[in-house]
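Participant: Sequence:
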Amino acid sequence: MFFQRLEDLRVDADKTQEDIAEVLNCRREVYRRYEKGIYPLPVWALITLAKFYHVSTDYILGLTNNPKPYQ
Numbered sequence: 001m002f003f004q005r006l007e008d009l010r011v012d013a014d015k016t017q018e019d020i021a022e023v024l025n026c027r028r029e030v031y032r033r034y035e036k037g038i039y040p041l042p043v044w045a046l047i048t049l050a051k052f053y054h055v056s057t058d059y060i061l062g063l064t065n066n067p068k069p070y071q
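Residue 1 is where the sequence shown starts when you use the working numbering, and the numbers rise one by one after that.
It cannot be assumed that every hint is accurate.
[Stated by the list, open to error] No more than 30 Å apart at the CA atoms, straight line, and that leaves these computed lysine-lysine pairs for DSBU-like:
#, residue 1, residue 2
1, Lys68, Lys36
2, Lys68, Lys51
3, Lys51, Lys15
4, Lys15, Lys36
5, Lys68, Lys15
6, Lys36, Lys51
It is worth saying that the hints were derived from the structure and are not from the lab.
With the hints as constraints, model all of the structure from the sequences given.
Facilitator: Here it is as structure tokens:
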């Protein structure tokens, strides 16, 4: 499931859930629910996170193991 990638990306970047919630302009609890797969991740948040982590949306969604964004 792609939400494991969300947690992995966050931990690898040494960020807290609160830090990422600020990037998405939402509460930490809302982000936690995205990360745990309780809430579906909105497209706008997916794009924002892909830009923030410099990875492709396909990588976050688990469609590829190549994290490089498309040109």
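Participant: Can you name, in rising order, the numbers of the hints this structure does not satisfy?
Facilitator: none
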